[in-house]
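Peer 1: Take the sequences, apply the hints, and build the full model.
Numbering (our numbering), first residue to last: -13 to 141.
Any given hint could be a false lead.
[To be verified] Straight line, CA to CA, 20 Å or less: simulated DMTMM-like cross-link-like pairs of lysine to aspartate or glutamate:
(1) LYS39 / ASP102
(2) LYS39 / ASP25
(3) LYS39 / ASP77
(4) LYS39 / GLU65
(5) LYS39 / ASP100
(6) LYS39 / ASP83
(7) LYS39 / GLU140
[As the list claims (entries may be wrong)] Label pairs and their calculated CB-CB ranges:
(8) ILE4 / ASN68: 20 to 26 Å
(9) ALA28 / GLY1: 40 to 46 Å
(10) GLN67 / ARG10: 36 to 42 Å
(11) GLU106 / ASN130: 16 to 22 Å
(12) LEU141 / THR75: 18 to 24 Å
In short, the hints are calculated from the structure, not lab data.
For glycine and all other residues, C-beta sits at the position ideal for the given N, C-alpha and C.
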Amino acid sequence: NIPNGGGAVPVADVGVAILTEPVREISPMPLPPVGFLDDLRAAGQLRRSDQTKITIVGYGLELDADFPPDGRRRVAQAEFQNLHDRWLTLDKNISHDNGGGGSGDSGGPVLFVDPDTGEESLVAIMSRGVEYRVDSDEALGFLNAVIESVIAGEL
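Peer 2: Here it is as structure tokens:
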């Protein structure tokens, strides 16, 4: 039993970039409630099938791209595979018509798109090629503390 995603990342891997100037063209993605992915799975909305696609967004490399990354946003779809305490496991096998994150994509959002409503929910953050869940007490505690500090003018 390896609790931290197969040892790929042994500790929590969430960070925050605080911008000095406001950005008005985009709205922040709302954070999910604790256990959001567990609730989806219990409701039958998160299962291994081509009907449950997860969206991965990143700015990293493509297979044939030069280094460094060109700064273009890329989007991939992957099928749900499994759920762990800290990690969301996706099938990113291109032969299954899936894609995934890669070098330079760390910190990018991983989104569940409700197949009925089209509503996007932030469920994980790319971390070294794997998806770190943001619906845990640990991740949400950190993120909400930073948000509160920014609102209070402490950061």
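Peer 1: Flag every earlier hint the structure violates by its number, smallest first.
Peer 2: 7, 8, 9 and 12
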